[in-house]
Every structure is written in structure tokens, then in C-alpha cells.
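Following the hints, put chain B in place on chain A, whose structure we already have.
Residue numbers (numbering that gives the first Met the number 0), protein chains in the order written: chain A, 0 to 767; chain B, 0 to 163.
A portion of the hints provided could be inaccurate.
With a Cα cut of at most 30 Å, we get these calculated DSBU-like pairs of lysine-lysine [claimed, not checked]: (1) B:K154 / B:K81; (2) B:K142 / A:K762; (3) B:K146 / A:K498; (4) A:K766 / B:K84; (5) B:K84 / A:K757; (6) B:K84 / B:K148; (7) A:K759 / B:K81; (8) A:K764 / A:K423; (9) B:K146 / A:K751; (10) B:K36 / A:K759; (11) A:K757 / A:K423; (12) B:K142 / A:K594; (13) A:K719 / A:K703; (14) A:K762 / B:K54; (15) A:K759 / B:K114; (16) A:K764 / B:K142; (17) B:K54 / A:K766; (18) A:K639 / A:K751; (19) A:K187 / A:K81; (20) A:K381 / A:K551; (21) B:K162 / A:K762; (22) A:K357 / A:K396; (23) B:K36 / A:K762; (24) B:K142 / A:K766; (25) B:K154 / A:K757; (26) A:K498 / B:K142; (27) B:K82 / A:K764; (28) A:K751 / B:K148; (29) B:K54 / A:K357; (30) A:K492 / B:K54; (31) A:K608 / A:K726; (32) A:K539 / A:K498.
No wet-lab data here; the hints were simulated from the structure.
Here is what each chain is made of, one letter per residue.
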Amino acid sequence: MIHYKHLILSVLFLFSGFTFAQETKQEEREPGHLNKNKFRQLYQEFSTPNQYRTASGAPGHEYYQQKADYKINLELDDKQQKMFGQETITYTNNSPDDLEYLWLQLDQNVRAKDSKSPLRNGGGVPSADQPGAFVGKHFNAPFEGGFNIEYVKDANGKGLKYVINQTMMRIDIPKPLKAGEKISFSVKWWYNINDHVNQRGRSGYEYFEKDDNYAYVIAQFFPRMCVYNDVEGWQNFQFWGNGEFALVFGDYDVNITVPADHIVDGTGELQNRKEVFSKTMMNRYNQARKSFDKPVMIVTQAEAEANEKSRSSEKKTWKFSAKNVRDFGFTSSRKYIWDMQAVKFGERTVMAVSLYPKEGNPLWEEYSTKAVVSTLKSYSDKTFDYPYPKAISVHAKNQGMEYPMICWNYGRPNEDGTYSDRTKYGMISVIIHEVGHNFFPMIVNSDERQWGWMDEGLDTFMQYIAEQEFGEWFPEAIAPNKKYPSRRGEPAKIVRYMKGDQSFITPIMANPENVYQLGNNAYGKPATALNILRETVMGKELFDHAFKTYSKRWMFKHPSPEDFFRTMEDASGVDLDWYWRGWFYSTDYVDIGVKGVKKFYVSSKPTAKIKKMMEARGMKESDLPPLVYMAEEGSEDYSKKLEKGTALDNSSSLKEYMMDNFTAEERATMPTPKFFYEVEFNKPGGLVMPLIVEYKYIDGTSEKITYPAQVWRKNDNEVKKVIASEKELVSVTVDPDLETADIDVTNNSWPKQEEENKFKNFKNKVKG
Amino acid sequence: MQIVKLKIIVMVLFVSLSSFISLHKYYVSVTDIEYAKETKSLQIISRLFVDDFEKVLQERYIDTLSLDDNSADFYIEKYFSKKLKVTVNNELQQFSFIGKEIDGDMVHCYFEIEKVSNIETINVMNKLLFGTYENQQNITHLKINEKKKSFLFVKDKSSGLLKL
Numbered sequence: 000m001i002h003y004k005h006l007i008l009s010v011l012f013l014f015s016g017f018t019f020a021q022e023t024k025q026e027e028r029e030p031g032h033l034n035k036n037k038f039r040q041l042y043q044e045f046s047t048p049n050q051y052r053t054a055s056g057a058p059g060h061e062y063y064q065q066k067a068d069y070k071i072n073l074e075l076d077d078k079q080q081k082m083f084g085q086e087t088i089t090y091t092n093n094s095p096d097d098l099e100y101l102w103l104q105l106d107q108n109v110r111a112k113d114s115k116s117p118l119r120n121g122g123g124v125p126s127a128d129q130p131g132a133f134v135g136k137h138f139n140a141p142f143e144g145g146f147n148i149e150y151v152k153d154a155n156g157k158g159l160k161y162v163i164n165q166t167m168m169r170i171d172i173p174k175p176l177k178a179g180e181k182i183s184f185s186v187k188w189w190y191n192i193n194d195h196v197n198q199r200g201r202s203g204y205e206y207f208e209k210d211d212n213y214a215y216v217i218a219q220f221f222p223r224m225c226v227y228n229d230v231e232g233w234q235n236f237q238f239w240g241n242g243e244f245a246l247v248f249g250d251y252d253v254n255i256t257v258p259a260d261h262i263v264d265g266t267g268e269l270q271n272r273k274e275v276f277s278k279t280m281m282n283r284y285n286q287a288r289k290s291f292d293k294p295v296m297i298v299t300q301a302e303a304e305a306n307e308k309s310r311s312s313e314k315k316t317w318k319f320s321a322k323n324v325r326d327f328g329f330t331s332s333r334k335y336i337w338d339m340q341a342v343k344f345g346e347r348t349v350m351a352v353s354l355y356p357k358e359g360n361p362l363w364e365e366y367s368t369k370a371v372v373s374t375l376k377s378y379s380d381k382t383f384d385y386p387y388p389k390a391i392s393v394h395a396k397n398q399g400m401e402y403p404m405i406c407w408n409y410g411r412p413n414e415d416g417t418y419s420d421r422t423k424y425g426m427i428s429v430i431i432h433e434v435g436h437n438f439f440p441m442i443v444n445s446d447e448r449q450w451g452w453m454d455e456g457l458d459t460f461m462q463y464i465a466e467q468e469f470g471e472w473f474p475e476a477i478a479p480n481k482k483y484p485s486r487r488g489e490p491a492k493i494v495r496y497m498k499g500d501q502s503f504i505t506p507i508m509a510n511p512e513n514v515y516q517l518g519n520n521a522y523g524k525p526a527t528a529l530n531i532l533r534e535t536v537m538g539k540e541l542f543d544h545a546f547k548t549y550s551k552r553w554m555f556k557h558p559s560p561e562d563f564f565r566t567m568e569d570a571s572g573v574d575l576d577w578y579w580r581g582w583f584y585s586t587d588y589v590d591i592g593v594k595g596v597k598k599f600y601v602s603s604k605p606t607a608k609i610k611k612m613m614e615a616r617g618m619k620e621s622d623l624p625p626l627v628y629m630a631e632e633g634s635e636d637y638s639k640k641l642e643k644g645t646a647l648d649n650s651s652s653l654k655e656y657m658m659d660n661f662t663a664e665e666r667a668t669m670p671t672p673k674f675f676y677e678v679e680f681n682k683p684g685g686l687v688m689p690l691i692v693e694y695k696y697i698d699g700t701s702e703k704i705t706y707p708a709q710v711w712r713k714n715d716n717e718v719k720k721v722i723a724s725e726k727e728l729v730s731v732t733v734d735p736d737l738e739t740a741d742i743d744v745t746n747n748s749w750p751k752q753e754e755e756n757k758f759k760n761f762k763n764k765v766k767g
Numbered sequence: 000m001q002i003v004k005l006k007i008i009v010m011v012l013f014v015s016l017s018s019f020i021s022l023h024k025y026y027v028s029v030t031d032i033e034y035a036k037e038t039k040s041l042q043i044i045s046r047l048f049v050d051d052f053e054k055v056l057q058e059r060y061i062d063t064l065s066l067d068d069n070s071a072d073f074y075i076e077k078y079f080s081k082k083l084k085v086t087v088n089n090e091l092q093q094f095s096f097i098g099k100e101i102d103g104d105m106v107h108c109y110f111e112i113e114k115v116s117n118i119e120t121i122n123v124m125n126k127l128l129f130g131t132y133e134n135q136q137n138i139t140h141l142k143i144n145e146k147k148k149s150f151l152f153v154k155d156k157s158s159g160l161l162k163l
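The following block holds chain A by itself, in its conformation from the complex:
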């Protein structure tokens, strides 16, 4: 009997996938190895949870963040393009640590003459330069950029010692700032404003030669507190130019003095509207507060054009106040046309605002505020109701950049007012993207200096959803397109990047200063990864709940990458360590294919393999228990006869079992498969992904089965699946709807499909 049992075990093993090859002895013993399984948890990569940040991804019970409140007086010198400022910072140390010194960011110093930023890149002569940049580099044009710090004083007016290290300034306070204490100090400074169009920059002026006017978009223009937290200590990584900002929340009171004929808007609520608005503007503003369906002009194009000719020698001070923001930005010019529309969030009215010179029309009056409104609605739906009182879109010639409540966006028509679709969709997309940044990172305040993808990737992912919704809500705005032509988000759009040369690809989890192709690395790939996660891996319901949980947990706080990764798992009950590991920590790509299909019939006779085993063990057929055998088509076990019968006809063991265990009625309702297929899938790509397969049958029907990614957990290279069917299988397609960013689809079909001829298709299209 023992003998018999062994045989049964062997037979069972045979069925569960063991092969004879494993019974032969190995010549050499392989060395052992560490856990290389792609589904192992990210214990090595993640930091250990603690009282500040929990293992569930939420802020811990002792989570803290610092606070920096600013009172700033500014004067803009429009004649010489200089910015003068005096600020008082009140810094609250909510950390449990005593701070011996304070670190501030001096971002303007990236433009100082001794800045190391331009020296950080190697390489030869660039092929082309903007004329301004060229002159700046080679003619040594005397642009005196960077901060001129006049003083740093304590609350009693006594000078404080400070040290400037490039774009960072350390203030050496006389005694440590103890946990829970506050300190106030003042800084006076000025700098020359740069030309952001020709010298490039996120902040600066554009000069309009025709009417001799400047339009200013001003940001990272005042000394700002660095973040101090449990993750980085002081985040004083230099501002080299690519890695953006890490900033502390606080309350701002900012007074901006400009020529009296300038139009100004910025972060926060305007405190002295009656002083700076004309009566007409005031009336229009009151109308706009109630206009929920279309924008109301506060300053019309005709008025703006008249204002362009004015040269007031008077000054006006615009006073803004903002609560719980991480930064402040503003814009100022004589040239601005100004429109506003109201948006309702619960009981609150939020103003969607656009400012643009006539050069932005007719594009801007039509689409800017519309895009702002649409963005606030789309993003709020997936995160939290937009908490600030307004969101402003300002026209800038060739850049898009975000600040709390305000952003600059490109999209300028030709001089005759015509514009291409590329310009139009470029503009709507950049507005959606930059207004969307209010959510990430202005409110969900990740560390941009360290992790570009945490705001850019999440924002670009949301941008895709918001663009598609814009298309659904305003079909006339995107006609004749049926859906909004998004540049990023769809899986197929990232393929070209992911299959590129590995020596120019960096994992997403990298500092933005050190990556190749920042646009793909920090924007396109994480956005696509999240889109695939939402639509294909988790499903919209689970994803959206988890994403919203993350947004709400970290609203007005400083999340780290792990806080995001952990929350997405914690709130959904989906283990995603494998997904983060592959998509975010590696440069692996998706390539899954179907290798082959074998067809089997049920048979009564032991197959050659079984016979060989019986022989080895000295068994006879009568020693075997009742078994159902599978004969592969074309093999020695196969005969044409098998094709005629059903599985029951072909196997007496099976037939007897059915008769013993089921009644005739039961048997009549059970499907009896006739065709059995072993489908082998392979995975040349390193990423594990769900295996999405479409099976097509001879009668024209098809079924789509998604095997979870865990199908690869024991064999990362290939996996077999058995299909039992009453109908003959005619084709197998992996990822039929291109959901996974598979970089090579030529191996995705059985039988192998002829490659689509792009040339022929295009020619047919053109020639009609």
C-alpha cells in the first residue's frame, strides 16, 4: 500500500506542475540567495513608522509642523525693475527639539553673479540659446541678480548674525529657540528683477516694446523659512534650479506698493478693495460674486488698452491677507484685463480669476476662467473642497508656474489673433495643471525640493482626469474632438519613455536635480502609474477612496512618499508594495506576451509520460486509481477519435465519477467542456502587472479575464493557464485595450498578428 500511495502522490505532483526534469540530479549545487521576490514588502526602502508618521500612512499622535507668519511691505520700482522688501517673520517652533539656528531660503541668489547653479551642468556648446540667455552667458551682460540683504534684526531692532551659503541663509540666534517657543525677526532686502521671458525663470517681468510696459509675475522673491521636520531636519538642500520648494505654512499680511495705474492680484484676500478699485470695478466685482455661470469683466480690454498709455507718478498700496498658506506670489501691470466668476463650495463662494494683457486674447477671455472653474470642481471632487477664497490664472508668455491661489500660464495667440489647436490645448492644459497645484503641493504640502513627483506626478495624474471632465462638461469647447486631447495620462503615451535607453532613465524615487528627462520622470510616468493603478489594478472605487483619504489626511500638512504609499494601501486593503517597488523604485518596464497555446483532449489512456513513470516504479495500469488523462493534440497520446467525443465520452473514469456523484438532472445543467488549452504567457519585462487576457472563440464570442499581478509571484518569467471550453479557442490577446503601457505589443497575440503598418494606414487616410 505504501507503494501505491507514493504513486498517487507522484501522479498528483505531476498534475500540479512538477516535471521529470526536477527529478534528475543537479550537477552543481546553486548558492543560496536573499529574498528577491517582487512581492516582498518594502521594509528596507521605507523608513520605520514612529509617533510622527504611522504605519498606516497617517500623521502620528505626535506629528508636528512649524509655523511661519509673515508681515511684508513691498515696493515695486517699475522704472528700474527693482523689488524692495521689508519683512517680519514670526516663527513658531512646534517641534520637540531646541533649534540652535534658523535656516532661510534665498531663492533669488540662484541669479546672483557668484551663483553656482549655472556651473552645475557639464556638456558642450548647446545647439541653440534664447538671445537673452546667450548674451547673459557669453557677453557677460551685467545683470546684477540675487538678494541684497540690508539687515537681519531681532524684535528689539538688534542685528542678528547671519551666514549666506548660496541660496540658503543661516541666522545664528543668540540662544536656542526652545520647543514651543516663538521668535520674531526682520529682514530688509532688495533685488533686481530679471526678464523671465528671455533669461527664463519662474519669476520676473516681460517687457512689451510696442506700448513700453512691463508685466510682472513675482514669486520666490522674499527670504522664506526652510521646513524643519522629523524627516529631513532642516530642509536646506540648495536651490539649484530644478528642485522646487519646501515651505512652511503660516499667515501672511502683505502690502504691495506699485504705480497707481497698475492692476495687482496675489495670494490672499484683498483687504482694501475700496481704496484700490474704482466705483465701476467695485460694482462689477459685486456682480461677479454672484455670477456662477460666466465670468464678469472687472477691467475690459478697452479699459486695459487705455490704461497701457497711462504713466501715473502716483503710488497705490494693495493689501493682501492670507491664512494658512505656504507661500506668496503676485502679479502687477498696467496691461491687465481682469475677469472673475464665482464658484460655490458648500456655503462658501470661491472666486475664479484671470488676468491677461490684450496679447492673450481672444484665447484668454474665452477659456482661462472656464478652465479655472472646471479645475476647482474636478480636483475638489477627488480630494477636498477647495479651501481658499480664490484661484487666479495669470497670462505669462512661455511658462507655467504655481503658487498658493495664483499661477502663471502660457498660451499666446499669434499677433493677428489666430491660434493653433496646439496653443489652445496647451493653454487649457497648463491652466488645469497649475491651478491643480493648489491641491498638490500648496495644500497637500509635499517636499518638492526632495521629491518632484509627489506634487508633479499627483497633479499630472489629476490633470488628466480634470482634462477629460473639461471635455465632458464643455463639449463645444473641444469640438470637433470627442474627448479632450490629453498629452499625458494614457498608458500608451509613456511607452516611448519606458522603452528608451536605460542609461537615460532614473527611478521616480530620485531627487529632481539628479534625474534625466524630468518631464517624463516626475510628471508623465508617475501620472501614468497612478492612472493604471486606478483604472486597471485597484479599480476606481478603491483607488478614489484611498486617494481622497491621503489628500484629507495630509491637507495642510507635510507628507512624505511613504505616507502616500502607505495610505493608498491602508485605505483600500490592497497590497501595493510590488507596484511601488516596480513603478516608483525601479526603471523596469512592462512587457508581457503570450508564448504559445497547446490543445488537449480528455483521454482514458495513460499518456506516455505517465506510462514512463509507471515503468520506472514497476506499476501496472490496474494499480492506478481512476484518473482523467490529458492527451495533447499531435502527440503520440492523441488520436483523431478524441476530437469526436465529449470529455465524458473520452474518459470512463470521469463519466463514472459524474454518475456516482450527480443526478441526471444535475448533470444535464452542467457544462461539459470539450476543448482544453494550456496557454503559456511570458514576461520579458521586469514589472509585474495584472495579466489581462482576451480569449476569442470560434463562434465569435470572447471573454476577458484579468489574472491578478500575484499570478507572477512564484515565477517571474512565465505562467501557464488552462482554459476548458465547449467552443474552440481561436485567439488569445494580452492587454487588448493597451491598459498597461506594455512596451512591445508584437508578442501580445496568438496566433501572431501581423504588425500594423503605420505607413499604409496613414497613406490610406491621406489619400482617402
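Positioned in the frame of chain A, the structure of chain B alone reads:
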């Protein structure tokens, strides 16, 4: 699936969203030349960055030229006829312009050389954009019958030969 030895370095230029970014910019075009037996023609698709190509055409021809506009087609054809030369069995071939399409940052240009048979040798010279961009690289893939070859053309080496 044959492994193409020369990996394609397509560094996608991006219009920087959310930040101006002056990263090292790559100047790369990709041209596929494939022989279609059934039509006895060489099918050519060239993919160039819209902004680079537009700038070159503006400098050479009309400074307001826009690739979004069909009137650019005339100049595209004119430019290609100077910069891309295909010689089959030592005979320079004339190609006809089929059309172009814009796909994100790239413009795809389609050309066809008809009445080609018995290819023994094919020589390609690809000088697209070399005049303007010092670091321009033109990747060119040839697929003639079952034979494949890829070239990376740079300013100092702008032509290559495939023998069948």
C-alpha cells in the same frame, strides 16, 4: 524578435509644465525606412521634434511658418529633398511626400519611393537638422526584406550603406 542593437535614445523635449526647466536638451530624430514587397516601394517615416523642425524651416524659408498649417507641406518636402537622400543600387531615388501628422511633441513625415525592386545595396544620407543643431543625432532604421540595420548619424558621419 530581433534585438535592434542601437537603442533609441528618444529624449522627449517637454514644454515645461509647472516650472521652467533648462535640462540638457537632446536633439534626436528617428527615421524608419522599410521596403514593402506588395507595393514595391520604400516607405519612409521621419519623426522630428516639432519645435526643432519648425525653427529650422522658419530660419530657411518663412519666419512665420507653422507646422500646424498645411502650407508648411511644400517646405517640408523641399527641405527633405535636400537633407535625406536614398540611393538604391547606386541610383539616387526621388521620393514623394505623402503627408505629415503631429503627435504631441513630434511631427511624423511620410514619404514614399515607388517602383523599387531587386535591392542589392541601399545607401542613406540623413542630414536632417544638422545645419542648425550641433548635437543633432539622426537614428535611421532600415528594414529591407528580412534584413534590418540601424544607424546613428551625426554631423561627421551622415550616411551609411546596407548590402543585401
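Verification of the hints:
{"no.": "1", "hint": "B:K154 / B:K81", "in the structure": "holds, 15 Å"}
{"no.": "2", "hint": "B:K142 / A:K762", "in the structure": "holds, 19 Å"}
{"no.": "3", "hint": "B:K146 / A:K498", "in the structure": "holds, 22 Å"}
{"no.": "4", "hint": "A:K766 / B:K84", "in the structure": "holds, 24 Å"}
{"no.": "5", "hint": "B:K84 / A:K757", "in the structure": "holds, 22 Å"}
{"no.": "6", "hint": "B:K84 / B:K148", "in the structure": "holds, 17 Å"}
{"no.": "7", "hint": "A:K759 / B:K81", "in the structure": "holds, 25 Å"}
{"no.": "8", "hint": "A:K764 / A:K423", "in the structure": "holds, 25 Å"}
{"no.": "9", "hint": "B:K146 / A:K751", "in the structure": "holds, 20 Å"}
{"no.": "10", "hint": "B:K36 / A:K759", "in the structure": "holds, 12 Å"}
{"no.": "11", "hint": "A:K757 / A:K423", "in the structure": "holds, 28 Å"}
{"no.": "12", "hint": "B:K142 / A:K594", "in the structure": "holds, 25 Å"}
{"no.": "13", "hint": "A:K719 / A:K703", "in the structure": "holds, 16 Å"}
{"no.": "14", "hint": "A:K762 / B:K54", "in the structure": "holds, 26 Å"}
{"no.": "15", "hint": "A:K759 / B:K114", "in the structure": "holds, 16 Å"}
{"no.": "16", "hint": "A:K764 / B:K142", "in the structure": "holds, 23 Å"}
{"no.": "17", "hint": "B:K54 / A:K766", "in the structure": "holds, 28 Å"}
{"no.": "18", "hint": "A:K639 / A:K751", "in the structure": "holds, 26 Å"}
{"no.": "19", "hint": "A:K187 / A:K81", "in the structure": "holds, 14 Å"}
{"no.": "20", "hint": "A:K381 / A:K551", "in the structure": "holds, 10 Å"}
{"no.": "21", "hint": "B:K162 / A:K762", "in the structure": "holds, 28 Å"}
{"no.": "22", "hint": "A:K357 / A:K396", "in the structure": "holds, 12 Å"}
{"no.": "23", "hint": "B:K36 / A:K762", "in the structure": "holds, 16 Å"}
{"no.": "24", "hint": "B:K142 / A:K766", "in the structure": "holds, 24 Å"}
{"no.": "25", "hint": "B:K154 / A:K757", "in the structure": "holds, 29 Å"}
{"no.": "26", "hint": "A:K498 / B:K142", "in the structure": "holds, 20 Å"}
{"no.": "27", "hint": "B:K82 / A:K764", "in the structure": "holds, 26 Å"}
{"no.": "28", "hint": "A:K751 / B:K148", "in the structure": "holds, 23 Å"}
{"no.": "29", "hint": "B:K54 / A:K357", "in the structure": "holds, 26 Å"}
{"no.": "30", "hint": "A:K492 / B:K54", "in the structure": "holds, 25 Å"}
{"no.": "31", "hint": "A:K608 / A:K726", "in the structure": "holds, 27 Å"}
{"no.": "32", "hint": "A:K539 / A:K498", "in the structure": "holds, 27 Å"}
Hint compliance for this structure: no hint is broken.
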